[in-house]
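Residue numbers (the working numbering), protein chains in the order written: chain P, 1 to 264; chain L, 1 to 401.
These are calculated hints, taken from the structure and not from any lab test. Predicted model, so just to flag it, every value in this text is computed and none were measured. Check the hints yourself; a few may be wrong.
Only pairs whose alpha carbons sit at most 27 Å apart, straight line, appear in this in silico DSSO-like list of lysine-lysine [stated by the list, open to error]:
1) L:Lys291 x P:Lys77
2) P:Lys77 x L:Lys34
3) L:Lys3 x P:Lys156
4) L:Lys70 x P:Lys133
5) P:Lys156 x L:Lys9
6) L:Lys8 x P:Lys125
7) P:Lys133 x P:Lys156
8) L:Lys9 x L:Lys70
9) P:Lys144 x P:Lys156
10) P:Lys69 x P:Lys125
11) P:Lys132 x L:Lys291
12) P:Lys156 x P:Lys194
13) L:Lys69 x P:Lys133
14) P:Lys84 x P:Lys144
15) P:Lys132 x L:Lys70
16) L:Lys3 x P:Lys125
17) L:Lys70 x P:Lys156
18) L:Lys69 x P:Lys132
19) P:Lys125 x P:Lys68
20) P:Lys84 x L:Lys397
21) L:Lys3 x L:Lys70
22) P:Lys236 x P:Lys253
23) L:Lys69 x L:Lys3
24) P:Lys144 x L:Lys34
25) L:Lys291 x P:Lys84
26) P:Lys156 x L:Lys8
27) P:Lys133 x L:Lys291
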Amino acid sequence: MEPILEVESLSMDFGGLRALNRLDLKINEGEIVALIGPNGSGKTTFFNCITGIYNPTEGNVLISPPGKKRERINGLKPNQVTEKGMARTFQNIRLFPNMTVLENVMIGRHCRISSGVIGSILRSKATVGEEKKAVEDSYGVLEKFGLSGYVNDFAKNLPYGAQRRLEIARAMATEPFLILLDEPAAGMNPQETKDLVQLITRIRDIEGISILLIEHDMRLVMSLSDLIYVMDYGKKIAEGTPDEIRRNPVVIKAYLGEEAHAET
Amino acid sequence: MIKLEELKKSFLVSVWFMFLTFPIMVIRVNPIEKVVEWRWKNILIVGAGSFFFSFLWRYLLLRRETGRKKMEAGEIEKIPLSRRILTEPKMYIPALVCIAVFASVFPFVFSIYQINIMVTAIIYVVLGLGLNIVVGLAGLLDLGYVAFYAVGAYSYGLLNYHFNLGFWAVLPIGALLGVVFGILLGFPVLRLRGDYLAIVTLGFGEIIRLILENWNEFSFGPSGIANIPRPSFFGHQFSLHAATVYIYFLMIALTLLTIFVVNRLQNSRIGRAWIALREDEVACQAMGIDKTKTKLTAFALGATWAGMIGVIFAAKTTFINPASFTFLESAMILSIVVMGGMGSIIGVIIGALVLILLPEYLRAFSDYRMLLFGAILVIMMVFRPQGLISNVRRTYKFEGR
Ligand SMILES: Nc1ncnc2c1ncn2[C@@H]1O[C@H](COP(=O)(O)OP(=O)(O)OP(=O)(O)O)[C@@H](O)[C@H]1O
Ligand SMILES: [Mg+2]
Numbered sequence: 001m002e003p004i005l006e007v008e009s010l011s012m013d014f015g016g017l018r019a020l021n022r023l024d025l026k027i028n029e030g031e032i033v034a035l036i037g038p039n040g041s042g043k044t045t046f047f048n049c050i051t052g053i054y055n056p057t058e059g060n061v062l063i064s065p066p067g068k069k070r071e072r073i074n075g076l077k078p079n080q081v082t083e084k085g086m087a088r089t090f091q092n093i094r095l096f097p098n099m100t101v102l103e104n105v106m107i108g109r110h111c112r113i114s115s116g117v118i119g120s121i122l123r124s125k126a127t128v129g130e131e132k133k134a135v136e137d138s139y140g141v142l143e144k145f146g147l148s149g150y151v152n153d154f155a156k157n158l159p160y161g162a163q164r165r166l167e168i169a170r171a172m173a174t175e176p177f178l179i180l181l182d183e184p185a186a187g188m189n190p191q192e193t194k195d196l197v198q199l200i201t202r203i204r205d206i207e208g209i210s211i212l213l214i215e216h217d218m219r220l221v222m223s224l225s226d227l228i229y230v231m232d233y234g235k236k237i238a239e240g241t242p243d244e245i246r247r248n249p250v251v252i253k254a255y256l257g258e259e260a261h262a263e264t
Numbered sequence: 001m002i003k004l005e006e007l008k009k010s011f012l013v014s015v016w017f018m019f020l021t022f023p024i025m026v027i028r029v030n031p032i033e034k035v036v037e038w039r040w041k042n043i044l045i046v047g048a049g050s051f052f053f054s055f056l057w058r059y060l061l062l063r064r065e066t067g068r069k070k071m072e073a074g075e076i077e078k079i080p081l082s083r084r085i086l087t088e089p090k091m092y093i094p095a096l097v098c099i100a101v102f103a104s105v106f107p108f109v110f111s112i113y114q115i116n117i118m119v120t121a122i123i124y125v126v127l128g129l130g131l132n133i134v135v136g137l138a139g140l141l142d143l144g145y146v147a148f149y150a151v152g153a154y155s156y157g158l159l160n161y162h163f164n165l166g167f168w169a170v171l172p173i174g175a176l177l178g179v180v181f182g183i184l185l186g187f188p189v190l191r192l193r194g195d196y197l198a199i200v201t202l203g204f205g206e207i208i209r210l211i212l213e214n215w216n217e218f219s220f221g222p223s224g225i226a227n228i229p230r231p232s233f234f235g236h237q238f239s240l241h242a243a244t245v246y247i248y249f250l251m252i253a254l255t256l257l258t259i260f261v262v263n264r265l266q267n268s269r270i271g272r273a274w275i276a277l278r279e280d281e282v283a284c285q286a287m288g289i290d291k292t293k294t295k296l297t298a299f300a301l302g303a304t305w306a307g308m309i310g311v312i313f314a315a316k317t318t319f320i321n322p323a324s325f326t327f328l329e330s331a332m333i334l335s336i337v338v339m340g341g342m343g344s345i346i347g348v349i350i351g352a353l354v355l356i357l358l359p360e361y362l363r364a365f366s367d368y369r370m371l372l373f374g375a376i377l378v379i380m381m382v383f384r385p386q387g388l389i390s391n392v393r394r395t396y397k398f399e400g401r
């Protein structure tokens with residue numbers, strides 16, 4: 001079977017700085033893949049390139065959504081990428097602070113509903129029905145993520161852990177086949193991290209959505225991932241299963257050094 | 001609560017003010033008698049005044065600070081009166097009835113002068129609501145809004161002059177031209193935000209005004225267009241008084257329509273997209289919202305109201321020239337939106353009524369109007385940055401689950 005996401009030799013230059021250097025990556029359906037690397041190694045830049053926020057200098061980003069044809073998506077705008085079924089979260093939470101929790105999730109539904117200006121003003125039957133369904137669907141997503149107690153609260157008033165979860169919920173509302181999480185556990189306490197691990201497993205096992213995640217928390221990465229890619233200075237320096245990565249001397253040298261000692 | 005520290009700071013401020021204003025407030029050279037007058041009394045007034053205001057300012061800031069701390073600590077959980085009036089039917093239905101009765105008897109009780117002032121105020125209500133779509137909801141700082149107002153007004157003036165088109169025929173044309181110009185402005189500024197957007201839109205407003213001022217063959221230049229007919233009623237022409245009343249009710253109807261439309265829009269798919277765009281542009285796009293389309297609809301819909309109101313303005317004053325469409329006008333409308341509360345319909349209405357009616361009825365202050373204006377805005381920004389009435393988002397109930 002074809003991988004659902006295939007990145008070929010992706011490069012990104014910022015002026016003279018090569019933030020990504022001929023990077024290859026593959027994700028198969030149902031996999032949890034982690035992307036790790038020291039600070040500034042280009043992980044977030046990689047996300048930005050494949051989600052259309054940056055236009056990569058070179059390379060190909062190809063997707064084959066389940067049941068659909070394979071296509072090349074670099075050069076598309078972020079909203080088009082999301083429409084194709086790749087949704088993401090951000091390293092520093094980017095919710096819509098002055099909208100309610102429900103509305104935040106409803107924004108995720110935006111590209112799956114279609115009412116326009118005229119329909120909204122006249123409140124045609126189709127619009128009303130669609131809106132009602134969007135509210136219900138969004139509420140359903142909130143329930144799944146344990147956020148239904150906050151429906152009408154402003155997003156900015158949520159506790160930190162809940163904000164992180166809401167960001168994932170919002171991305172899930174766009175009906176993705178692949179979800180990209182940029183350091184979802186950053187700033188979480190051990191209990192919250194544990195809940196997050198469960199949540200991510202559930203997204204994969206119950207919703208059947210593949211996951212690509214950037215994370216610095218090694219325990220989380222090792223316990224969750226099927227496959228790990230390691231980057232340094234914009235280059236891929238290793239790929240493999242958690243066990244292989246743990247034992248890979250290049251990785252230990254570049255990145256895991258101190259932590260590997262700390263764990264044993 | 002009042003600390004010595006605060007008193008000392010206020011004292012320093014007053015000394016500083018006395019020093020600063022010394023040359024203009026104290027020394028006066030009398031060139032005829034060639035003497036220098038020393039008006040020492042003034043410095044006392046300046047000193048005492050600045051001490052008082054500085055202290056008041058500090059005191060209010062302190063109070064706000066403690067109030068906020070209490071709120072954060074969850075000590076007071078009181079819903080402000082304004083919020084209650086807006087959300088509890090027991091309170092807003094009587095208020096609505098009162099307003100409706102007042103609005104419908106107003107033109108029969110008050111003089112034509114008063115009606116005219118009220119029509120002006122309502123014109124600004126609608127302009128404020130239109131700009132509110134662009135600035136309040138979509139968060140696009142537009143300083144050239146008056147350009148669309150001018151487009152509407154001139155479309156009536158010119159179409160009537162050249163083709164003898166009537167008010168009712170031009171009204172939709174004005175709205176349509178508003179849309180066209182809104183999109184015309186929207187395209188070049190798609191990539192801009194914040195300050196850059198403000199500067200370009202400001203430039204756009206000035207360009208339209210300068211064209212109207214200088215292209216004599218097209219727009220009759222600074223002398224403008226006179227003798228624009230007032231609106232008719234199925235071909236029937238009114239007397240001056242009746243026409244004023246007619247325009248008044250027309251404006252009321254248009255205001256209701258605007259409120260209706262804006263209210264529906266802001267809780268719709270497109271309205272949510274505007275707010276998301278305002279809140280976080282990158283996240284908004286990443287969640288599947290087409291930025292281009294969303295921005296353009298905001299510009300176009302905002303401009304529609306300005307175009308329509310422009311036509312009515314031309315019909316009301318029967319004379320238009322570029323001087324009515326200066327940057328000051330844009331600033332005024334923007335102040336209404338900011339002061340009323342970005343994104344809040346009620347806030348914008350109150351903002352417009354306050355900012356337009358107050359100077360009219362405080363004629364004595366008309367020289368200091370701009371000064372007062374600035375002061376009000378600064379005070380608002382410090383003490384109520386969210387505007388008079390902050391926007392309430394729609395809430396949903398999910399029971400029985
Ligand atoms: N828009 C940009 N313009 C210029 N340089 C950039 C830009 N975005 C990222 N960079 C540079 O690219 C490099 C990679 O940054 P990136 O944010 O992708 O790292 P990261 O792996 O996500 O790091 P972290 O773990 O700290 O999040 C850095 O050197 C950064 O300074
Ligand atoms: Mg990063």
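Here's how the hints hold up against the structure:
no.: 1; hint: L:Lys291 x P:Lys77; verdict: 10 Å, holds
no.: 2; hint: P:Lys77 x L:Lys34; verdict: 75 Å, violated
no.: 3; hint: L:Lys3 x P:Lys156; verdict: 34 Å, violated
no.: 4; hint: L:Lys70 x P:Lys133; verdict: 40 Å, violated
no.: 5; hint: P:Lys156 x L:Lys9; verdict: 35 Å, violated
no.: 6; hint: L:Lys8 x P:Lys125; verdict: 66 Å, violated
no.: 7; hint: P:Lys133 x P:Lys156; verdict: 25 Å, holds
no.: 8; hint: L:Lys9 x L:Lys70; verdict: 26 Å, holds
no.: 9; hint: P:Lys144 x P:Lys156; verdict: 20 Å, holds
no.: 10; hint: P:Lys69 x P:Lys125; verdict: 34 Å, violated
no.: 11; hint: P:Lys132 x L:Lys291; verdict: 24 Å, holds
no.: 12; hint: P:Lys156 x P:Lys194; verdict: 23 Å, holds
no.: 13; hint: L:Lys69 x P:Lys133; verdict: 40 Å, violated
no.: 14; hint: P:Lys84 x P:Lys144; verdict: 23 Å, holds
no.: 15; hint: P:Lys132 x L:Lys70; verdict: 38 Å, violated
no.: 16; hint: L:Lys3 x P:Lys125; verdict: 63 Å, violated
no.: 17; hint: L:Lys70 x P:Lys156; verdict: 19 Å, holds
no.: 18; hint: L:Lys69 x P:Lys132; verdict: 39 Å, violated
no.: 19; hint: P:Lys125 x P:Lys68; verdict: 32 Å, violated
no.: 20; hint: P:Lys84 x L:Lys397; verdict: 32 Å, violated
no.: 21; hint: L:Lys3 x L:Lys70; verdict: 20 Å, holds
no.: 22; hint: P:Lys236 x P:Lys253; verdict: 14 Å, holds
no.: 23; hint: L:Lys69 x L:Lys3; verdict: 19 Å, holds
no.: 24; hint: P:Lys144 x L:Lys34; verdict: 87 Å, violated
no.: 25; hint: L:Lys291 x P:Lys84; verdict: 16 Å, holds
no.: 26; hint: P:Lys156 x L:Lys8; verdict: 38 Å, violated
no.: 27; hint: P:Lys133 x L:Lys291; verdict: 24 Å, holds
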